Structures are given as structure tokens and as C-alpha cells.
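If you're matching them up, the sequences are chains G and U in order.
Numbering follows this note's numbering, in which position 301 of the first sequence is assigned residue number 301; successive positions increment by one, without gaps.
Numbering follows this note's numbering, in which position 214 of the second sequence is assigned residue number 214; successive positions increment by one, without gaps.
It is worth saying that the hints were derived from the structure and are not from the lab.
Because the structure is a prediction, the values reported are computed rather than measured.
Some hints here could point you the wrong way.
Residues from chain G that keep clear of chain U, each with C-beta distances beyond 10 Å, as calculated [said to hold, decoys possible]:
#1 E32
#2 H93
#3 A97
#4 S129
#5 R316
Computed footprint of chain U on chain G; a stretch qualifies when at least three of its residues, placed anywhere within it, have a C-beta under 8 Å from a C-beta of chain U [claimed, not checked]:
#6 49-55
#7 76-88
In this text, a Cβ means the ideal position worked out from N, Cα and C, and glycines have one as well.
Number of protein chains: 2
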Amino acid sequence: MSKSFQVVGIGNAIVDVLSHIEERFLEEHGVERGIMQLIDMKRAVELYSHMGPALEISGGSAANTIAGLAALGAKTAYVGKVKDDQLGQIFAHDLRAQGAVYETPLADRSHSHETGRCMVLVTPDGERSMNTYLGLSEFLGPDDIDEAQIGESEWIFLEGYRFDGPESHAAFARAIRAAKSTGGRVAITLSDPFCVERHRDAFLNMIRNDVDLLLANEHELKSLYLTEDLDTAMTRAEADVALTACTVGSRGAHVLADGSRVHVPADRVQVVDATGAGDLFASGFLFGLVTGRDRETCARMGCTAAGEIISHIGARPAASLPDLFRSRGLL
Amino acid sequence: MSKSFQVVGIGNAIVDVLSHIEERFLEEHGVERGIMQLIDMKRAVELYSHMGPALEISGGSAANTIAGLAALGAKTAYVGKVKDDQLGQIFAHDLRAQGAVYETPLADRSHSHETGRCMVLVTPDGERSMNTYLGLSEFLGPDDIDEAQIGESEWIFLEGYRFDGPESHAAFARAIRAAKSTGGRVAITLSDPFCVERHRDAFLNMIRNDVDLLLANEHELKSLYLTEDLDTAMTRAEADVALTACTVGSRGAHVLADGSRVHVPADRVQVVDATGAGDLFASGFLFGLVTGRDRETCARMGCTAAGEIISHIGARPAASLPDLFRSRGLL
Numbered sequence: 001m002s003k004s005f006q007v008v009g010i011g012n013a014i015v016d017v018l019s020h021i022e023e024r025f026l027e028e029h030g031v032e033r034g035i036m037q038l039i040d041m042k043r044a045v046e047l048y049s050h051m052g053p054a055l056e057i058s059g060g061s062a063a064n065t066i067a068g069l070a071a072l073g074a075k076t077a078y079v080g081k082v083k084d085d086q087l088g089q090i091f092a093h094d095l096r097a098q099g100a101v102y103e104t105p106l107a108d109r110s111h112s113h114e115t116g117r118c119m120v121l122v123t124p125d126g127e128r129s130m131n132t133y134l135g136l137s138e139f140l141g142p143d144d145i146d147e148a149q150i151g152e153s154e155w156i157f158l159e160g161y162r163f164d165g166p167e168s169h170a171a172f173a174r175a176i177r178a179a180k181s182t183g184g185r186v187a188i189t190l191s192d193p194f195c196v197e198r199h200r201d202a203f204l205n206m207i208r209n210d211v212d213l214l215l216a217n218e219h220e221l222k223s224l225y226l227t228e229d230l231d232t233a234m235t236r237a238e239a240d241v242a243l244t245a246c247t248v249g250s251r252g253a254h255v256l257a258d259g260s261r262v263h264v265p266a267d268r269v270q271v272v273d274a275t276g277a278g279d280l281f282a283s284g285f286l287f288g289l290v291t292g293r294d295r296e297t298c299a300r301m302g303c304t305a306a307g308e309i310i311s312h313i314g315a316r317p318a319a320s321l322p323d324l325f326r327s328r329g330l331l
Numbered sequence: 001m002s003k004s005f006q007v008v009g010i011g012n013a014i015v016d017v018l019s020h021i022e023e024r025f026l027e028e029h030g031v032e033r034g035i036m037q038l039i040d041m042k043r044a045v046e047l048y049s050h051m052g053p054a055l056e057i058s059g060g061s062a063a064n065t066i067a068g069l070a071a072l073g074a075k076t077a078y079v080g081k082v083k084d085d086q087l088g089q090i091f092a093h094d095l096r097a098q099g100a101v102y103e104t105p106l107a108d109r110s111h112s113h114e115t116g117r118c119m120v121l122v123t124p125d126g127e128r129s130m131n132t133y134l135g136l137s138e139f140l141g142p143d144d145i146d147e148a149q150i151g152e153s154e155w156i157f158l159e160g161y162r163f164d165g166p167e168s169h170a171a172f173a174r175a176i177r178a179a180k181s182t183g184g185r186v187a188i189t190l191s192d193p194f195c196v197e198r199h200r201d202a203f204l205n206m207i208r209n210d211v212d213l214l215l216a217n218e219h220e221l222k223s224l225y226l227t228e229d230l231d232t233a234m235t236r237a238e239a240d241v242a243l244t245a246c247t248v249g250s251r252g253a254h255v256l257a258d259g260s261r262v263h264v265p266a267d268r269v270q271v272v273d274a275t276g277a278g279d280l281f282a283s284g285f286l287f288g289l290v291t292g293r294d295r296e297t298c299a300r301m302g303c304t305a306a307g308e309i310i311s312h313i314g315a316r317p318a319a320s321l322p323d324l325f326r327s328r329g330l331l
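I would like the entire structure built from these sequences, with the hints used as guidance.
Shown next as C-alpha cells:
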């Protein structure tokens, strides 16, 4: 069986507004360090007015993953909502220019919300603190799911952040049905420990019933299973899902499957901007899966792609990922 | 006498759309290498549809110069037209967040043109080929000149590119009158050899009658005086204007004044993106002038600021220019 797509991603379609800040900016403006906070338009305007000069680059967690997969040559598509405004056009361009199929209709200019954006505040240590005005991306619902497109994909990749929208649960459910009924598989990323906190039961329910691959970092996995102990959390994940990849920051990643665990170290790079590390790990890992590599190679591909993304500003690939993979003997 | 501003810049208000491309892209899409080409909206859409993923960052030649001056702590303002659309708001934010005063009213959303943008195509050697859709910035006219603001500035800084608009000649004339009548001085950058080609007589007329500081690179200066010989061009400039700073790429810059010449070498840096080299040379040079430095120091400041800007993507400062200047003993 040959399907048209290897991975279709579904998530928050967002343009990142990236700015370097001093450490004290976070406290002065009540920004939580190192996590993603949802903010409304009023707060977005206020925060932006205090931020320094910025640059704009397409983002969105699952969209970054899909862009990374497309950069590696995988056949991909993306589902997420933007408006037909300048930022929406930029988002659509960047994804298509990378080689991904993106057919979610842009919302009409009369819509009361704008294209979503995320103010990414990068402190001198490279850590990013994200403040997201969801805008149009909040409105993803089941009508946005093209069952034929999903049915033509080997994998669907669901962004945990989208659990924040009630309509999006229904969208995910529809996508899962369309995937499963055509032999497709389901991957999910937990996105953020606070996102897990907000939707633990929904996550666990989906993971136990529908998910074939769970992607998470150690904080998210511990939050999911309400434990401070990573080993305990990993044991629980092993019981719940066939395949789990758990990143552990600068220590690399664990892969859990069939009762055995593999650990792969992280790439040693100078962290310029940690934005997108998890997203690009997912790109590399999924690329390994869809090209039939063993689990250790999948994890090495994930760590290599993550290492590329944190070595520069922005969460979309800057260097050629295929060249980088070749230089590591991964291609 | 202490004025409110040290430099007020006037030019094309533009957001840069930056993308890395392979060398062959230029030929395949009829893009002239290393210069700025004006394009219409149709061509902009066509070129964008073929470009790879990009990032957006505020640009505009004189605006970059003003941003650099503001980053150095100078008191600055900027005059240039954008629309009240998302890109216009980004442009306004980035300038104000850098500390510059920017009070040109944003054109209403009903205006038929959008905020101007420049597709900057960066080849692997770091050279940039620019394709500019001027949009709103084309409409700069005398009504946009606030004589009181100009009168409160020690220098005005005119962007040669704006000679492309007939109304802007009148705007420049009004600004020059307002400056001269309050003891202000006039700097101009020639912007581009082809821009000089288009407006040689107007440039020469202004330079001979009104300009106190001429900023140009070697290609522009040779174009201005219709000679292939830089020394001849510099001799002609010495006759026409009191102070000239002529950059010569990786060889640094010459300063011509009072019948003597000073040469300063360029900073040795890895060129990542040459966009803004001339703009930031102007920032450093003008910063030296308004803080009373000698001409050699002014040129060293220019070369240091230019070196910073070409070592990264985008034409707005990324590192702290004051820290960099301090590390060189310039502050």
C-alpha cells in the first residue's frame, strides 16, 4: 500500500514573534519562564508594546514538525487555521515553500480574529518563554478535517496544545477515526506540562485507546502520570502505549517499546534559541519511522534535528537537514 | 544649543522578507545579483510564490540606520510611510522598541496599497539581491514632513532610494529647508548605483547645494561621477561636498574632508548576510559625528557597526552595539 502522505499534522497555526530579552524582563512583565502561556489580545498588545525589536517567523508546534519532515523529504500535509491576512499568508507560504501540502482554507478577512501569534521571549541562556495569542487557530473544528486527506496518510500527528479547544477534540476524534479506518497510525505530542495539567484525562483516554506513538519531554510525561519520578512515568507509559519517545533535554532521549528501553544522547550544540527543540525531535523521529529505521536511529535522527533547530533563531530549519543527516551517516 | 534629536532619517519604510536561496535561483527567476530592483505587486507575488521559507524583519535603508543609531543611544526620529496593517504595525513597533521616535501616521486600512516589503534573497556567499515592492512608502510627500521635528534635529539623513518618487523630492526639499533654517545639517546616502543612474542630476544638484555629508559605496560614487576610477570619483566628491565617507566593501572605508583622506580597514567577520552593511556603516559614522569624534573614529565606528550587521541575518542590530563599541575601545 502506498499512501500519498507519510505524516499529516494537526495543530495551532501560529507565527512566532521572536525577541531577545534580559532575564529581568520576565519578572517585570509577569511572564512565566520556559513555558507556553495562553494570552488574550489585550495582553498580547500590552506585552508587545514593552518588547524590544523582534523578527517574525512561521511557527506552531506541529507545523514546525511538519516543516522539518518536509525539509527531510517526507510527504506531508498540515491542518491548522489562519486568516487571510498578512501573517496568515506568510504562514501558508512558509509551509508550502518547504514542500508541505497545506489546504486548510484561510478564514475570510471579515473574521473578527486575526492569525495567531506567539511572542517568544529568548533569554541569554537560549531558553524561550512563550506567550500565545491563539487567534484563528483556536477555531479548528471537525469541519476542518478532510477525511480523504487523512485516509491518505500513514501517520497523523496531533499537537497536544490543541486540546485547549473543545471543537478541536471533535476534530481530533474525526481525524483518528479517518486514520484508523484506513490503516493509519496516530502520534501525539503532549506539548507542555501545563497543557497536560489542563487536559490529563483527555490525554490519557486518547493515549490508552488510540495512540501508537507518544512524544513527550520528561516534564510532560511526569505531569501526565502525576509523579516526580521519570522512571515511574516511563513505566506507566510503557503500559499505556506501544511506542514512546521521551526527550530529556541536554541528556538526549529515551525510546520505550516492547518492554525495552533505548537511550540516545543529545547533540552537543551551543543553544541559541531552544524554540522548536521538541518539535524538530518529532520531525527526526517520525522521519525515521516512516523510512523504516530502527528505534535507536529514529531517536538519533530526532536528536540531530533538534540540535540543528536550537543552534539558531526560529523553529524552522535553517541548515539543510538532509545534508546534516548525511554528515552523521543517518542518510 | 541642545536640540531634541541628533538625527532624523527619511526613507522607504519597508519590511524585509529574507530567504536563503541557491545561486541558480537568481538566473532562473530573472533576479539581478547584488542590487535592489523595484518590482510591482504582480512580480512580488510571483517571486514570493517561488521563494523558499522566509523570515520577516523590519528593514528600510534609512530606518536601519536610525535603528542602529538608536541602539547606540542617539536621539533619533524616522519619517516614512506604512499602512495600518500587520506589517506596518511590525515596522512601527520595531523602530519604537529600539528607542527611535516614529510619528508618521500609519495610512488607513482602506488604502489600496499595503505596507512595502523587500524580498531579500541571500546566496551562499552572503550577498543579498533585493526585490522591493514599495507599497505605501512610495507615497511620501511634503505633507509628511513635520518642520518642527526637523527643526529640532542636528542632522537629517536622506535615503537616496526615495529619489524614485516625485513627491518625495518635494518632501526632501521641504526637510532641507526646515533643517537649514534652524542650523541643522544634511546627510545623504546614494543607496545604490542604479538609483544613482536614475537620478544623477538630482543627486548632484542636491549634493552641490545642500549636502554636508555624503555617504556612498565605491560603486555608487563612481556611478555618480560617471567614471570607472575610484580616485577620480573621490576627487570630484572632494570638490562638491565638505565631508564624504565612501565604503569600499571588505577593504573598509575612506573619509574625505578638508583636502585630506583617511582610510580605515573593515572589520574581519564571516559574512552571513550583507544586508544593511551600508546602512549600519552610516549609523556608526553619524554616531561618531554627533558625539564629536574625529573622522577616523567615525569611520571605525561605521566599520564596526557594519561588521556586526553582516555577521547575522537581518539589517537591524542583534548584538548590543554599545557593548561591541566598548570592546573596541570606541565608547
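Do the hints match the structure? See the list:
1. E32: Answer for E32/G: holds, closest chain U Cβ roughly 22 Å.
2. H93: violated, 6 Å
3. A97: violated, 5 Å
4. S129: holds, 17 Å
5. R316: For R316/G, whose nearest Cβ neighbour in chain U is about 6 Å away, the distance does not exceed 10 Å, so it is violated.
6. 49-55: This one holds; 6 residues, not fewer than the three required, reach chain U with a Cβ under 8 Å.
7. 76-88: holds (count 3)
Checked against the numbered hints listed earlier, the structure breaks hints 2, 3 and 5; every other hint is satisfied.
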